[in-house]
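Number of protein chains: 4
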Amino acid sequence: MARQPKPLVRSDIAYSLPDRIVVRGKDLPNEVLGHINLGDFAFLQLTGNAATPEQSTVFNAILITLVEHGMTPSAIVARMTYAGAPESLQAAVAAGLCGLGSVFVGSMEGACRMLSEALPYGTKHEDLKQLARDTVAVWRARGASIPGIGHPLHKPVDPRTPRLFDIAAQNGLSGDYVKLMQLIGAEAERVSGKSLPVNATGAIGAICCEFGFPWRIVRGFGVMARAIGLVGHLAEEAERPMAIELWQRVEDEASAHLRGEA
Amino acid sequence: MARQPKPLVRSDIAYSLPDRIVVRGKDLPNEVLGHINLGDFAFLQLTGNAATPEQSTVFNAILITLVEHGMTPSAIVARMTYAGAPESLQAAVAAGLCGLGSVFVGSMEGACRMLSEALPYGTKHEDLKQLARDTVAVWRARGASIPGIGHPLHKPVDPRTPRLFDIAAQNGLSGDYVKLMQLIGAEAERVSGKSLPVNATGAIGAICCEFGFPWRIVRGFGVMARAIGLVGHLAEEAERPMAIELWQRVEDEASAHLRGEA
Amino acid sequence: MARQPKPLVRSDIAYSLPDRIVVRGKDLPNEVLGHINLGDFAFLQLTGNAATPEQSTVFNAILITLVEHGMTPSAIVARMTYAGAPESLQAAVAAGLCGLGSVFVGSMEGACRMLSEALPYGTKHEDLKQLARDTVAVWRARGASIPGIGHPLHKPVDPRTPRLFDIAAQNGLSGDYVKLMQLIGAEAERVSGKSLPVNATGAIGAICCEFGFPWRIVRGFGVMARAIGLVGHLAEEAERPMAIELWQRVEDEASAHLRGEA
Amino acid sequence: MARQPKPLVRSDIAYSLPDRIVVRGKDLPNEVLGHINLGDFAFLQLTGNAATPEQSTVFNAILITLVEHGMTPSAIVARMTYAGAPESLQAAVAAGLCGLGSVFVGSMEGACRMLSEALPYGTKHEDLKQLARDTVAVWRARGASIPGIGHPLHKPVDPRTPRLFDIAAQNGLSGDYVKLMQLIGAEAERVSGKSLPVNATGAIGAICCEFGFPWRIVRGFGVMARAIGLVGHLAEEAERPMAIELWQRVEDEASAHLRGEA
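Protein chains in written order, with our numbering: chain B, 44 to 305; chain C, 44 to 305; chain X, 44 to 305; chain G, 44 to 305.
Just so you know, the hints here were simulated from the structure itself, not pulled from any lab data.
The structure presented is a predicted model; accordingly, all values stated were derived computationally and were not measured.
Be careful, since some hints might not be right.
If several chains are the same, the list does not tell them apart, and a pair holds so long as it fits within one copy or across any two.
EDC-like cross-link-like pairs, simulated, lysine to aspartate or glutamate; straight-line CA separation at most 20 Å [unchecked claim]:
#1 Lys172 <-> Glu282
#2 Lys69 <-> Asp170
#3 Lys69 <-> Glu304
#4 Lys69 <-> Glu279
#5 Lys69 <-> Asp55
#6 Lys69 <-> Asp209
#7 Lys172 <-> Glu232
#8 Lys167 <-> Asp219
Chain B with its partners taken away, still in its complex shape (with noise of 0.2 Å):
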């Protein structure tokens, strides 16, 4: 009996010959270059479907909520590696990327794995409001918090939240997942007595899930559309810098106490 093969090394996305590039199955200059904007072809390159008008929108708006959260770390983090390799915008960026883990787009992951654990796709759940009751107990059972709900500053409501849940509805892409995330955030309100808003990591892991992504390609939404937030504060930094200047502060701060001046 002969041996296997060896399996190829093979990927779908794209491949270039002397007088063409084609990309999902596209012809890059002809059929896309011009035609589509910067979020379908996201769509495009990561589902390898064409988006629908409805599907453009949505996923649109899901990544450039995710572009821009203001003075992160994650910004800090790339205007001080900017600061001392402003040769390798590249790698500020990358630095700045490093820290979108667990803490900061893991809940944006972890509500669109809730979610989907709890209603697998393709299936159907009879009540809800008893699936949400269910969710929310196993969580505080674990003593974890629930991702996606509650914002130490957007409250009583994110501000994000609706404006992202009506342009789902307005375009088809608003169902049981969404729903879900609702009921899970008003349980966990009631069990808490706290203001558990859901929050735009929770809505945008609901819509994730009416897109029927997998989890586990969720935060790279967070990583790319971040690139792009990046790139302008590196565009800021490179006009008016503040890196050294904070670099002085902390660096004064952190060891006055063994200099003897604190």
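Chains C, X and G: place on chain B using the hints.
For chains C, X and G alone, coordinates are given in the frame of chain B:
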């Protein structure tokens, strides 16, 4: 006279209040989400201005061109990093971005720099042909290769170039910089006797000059676009991995002579 | 009553004055340089204490074990990144480190965590054999593979393990944690019927427990050691490159089916 | 005539067999572990040669000098990244390394390059004083600042410099490159009228020339040493965090004017 206060750390990009999130002067939930696409939001984030419809078409086309270039070192790096740390998708994207330096995205930045130094923003030159001749002569005298021309695979024409130049022309963003880039390509072909078509990075570098972007930020367009492409590669790697197979092949081959096998 | 001042940002690691540089309480030029080796300085930097001669021998051996593991994904990543951005050697090292996550260095951290949770620092257990049985039972019940045992290549013995355990024993750093790790390996072999020798990461995890290191920092030993290894790979890549050749092979193979060649 | 086979991918650093692990020709468990220190192993990994006792002393001193420089941007970056992704310690170290570019470690590389280009390895120059004058003149003519001299804090003497030069001299590694570096510092002081002592990076750059290291790899010494330092900062951050406090201060201050507060 009073001592100058320390300069305040200051950013004009965004701010949040409990019920408001404002980016570049726009109310994010109400004025942005559902109204514009990701490429336009990148334009807003970077320039502080809303893109006109013409700018939108051209800027989206530039970014899309940069998203996906096949199984590049950058894509292989992201996939191999993901194989070791699947829980840190953001670090896999970051690793993939780190190599977008002088060799790969440098020529886009280089073309923009060459053109905007030859013809500074806001100035005119009466004889672009002469300027092209002078520019080529200077680069050749330095023994440096001219950025933005020639391609190892896409010969005799890079299929992205005429399409990008068409889109720019149709949207009023084709002027002296596009002309100068084309003249430099022609002059380089003339003096070298080689086929040196303006490639996609040359076209993008020239169009970036038409926008008036400072060359220092142009690399950032490649970085942010590629972040999208890399997430696509990671989504595929998660489904159908190749990194471990590649690693084992390299490992076997690289040390065969030490193990006495070759 | 006075408002609490904001907590000061504070680090105890180092400080500088015009004529003095002090790290962990030692005058760097006069008390450190020329007096101790790099491994001992790492110990000082991490723990705040000077290593005893015994700690020095064992800690240096641990770190050295982690420097170089052949043509790993991490090494390939660093080389491929360097090929794209040779002007940013630091970014190539950084990219290579990004993949030192749960799959590759995780088992060292995992072993340290497993052991220090089974037998918390400062406690004793009267029957280590029973503790090993219980620990193996718990991991098997979870369906998780036990960290620090088994190796795809080094069978039936990982040649680093007995040597590391010998060095630890000769230097008074072999106690209940080393015993427990060995008992866990033996028990896992017994119940699974497979050859599951304690591997190098298991040995290091156990010895880290003998030192009393918190498990959260143990991954860092692998990270800092591998940084050294990666610089070695980049020095070789600069002399005799392989990254471009590897890239072209992967590119050719991965899209052959799309180009109609396979 | 037969077609040339594709060049084999090949590395001379290490190989493994089931019962053997060999790095740079040494049996790792038996000839290395317990016998040498981490700095010597770094020397072996990088050069392929065992360090002599003199090389060991000097090389360890160089690396130790580069481990810890206080609360640098690099340390702040690592801490802020860890705050967002504590599960990815490796990514926090990676982020911290990304900024070790032209501004911070560049001067060490720059000094080594300047000296080894002025006096190529294997050559002699009959008048080092003249060579120093010429070198300073060339750099001043370019308007570039000379690498390795001057320090914002350590005046009039960088306390590491005389100590590093002493250690080098005691170990037979002080020759024309150390002399040339000192002469360049003196000449730069003479022509500029400023205090420009040879700083630690200048001393290290000169000593790297005494070793005969290619300048392209010298940045790597800073990178691998700093990886150790950053793990120390992360160990401290895990115990007594400052990143979140720093973030909130920056965020508050940077957008105060947009929120109408300043």
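Comparing the hints with the structure gives:
With identical chains, the CA atoms of Lys172 and Glu282 are never at most 20 Å apart, being 52 Å at best within one copy and 33 Å at best between copies. For the homomeric pair Lys69 and Asp170, neither the shortest alpha-carbon distance inside one copy (43 Å) nor that between copies (40 Å) is at most 20 Å. Taking identical chains as interchangeable, the C-alpha atoms of Lys69 and Glu304 lie at most 20 Å apart only when they sit on different chains, with a minimum of 19 Å there against 65 Å within one chain. For the identical chains of this complex, Lys69 and Glu279 are inter-copy neighbours only, at 18 Å across copies versus 36 Å inside a copy, given an alpha-carbon limit of 20 Å.
Taking the shortest alpha-carbon separations for Lys69 and Asp55, only the intra-copy value of 12 Å comes in at or below 20 Å, while the best inter-copy value is 39 Å. In this homomeric assembly, Lys69 and Asp209 come within 20 Å of each other (Cα to Cα) only across copies, at 19 Å, whereas the closest approach inside a single copy is 32 Å. With identical chains, the CA atoms of Lys172 and Glu232 are at most 20 Å apart within one copy only, with a shortest distance of 14 Å there and 48 Å across copies. Only within a single protomer do Lys167 and Asp219 lie at most 20 Å apart by alpha-carbon distance; the minimum there is 8 Å, versus 52 Å between protomers.
Taken one by one, the earlier hints fail for this structure at numbers 1, 2, listed in ascending order.
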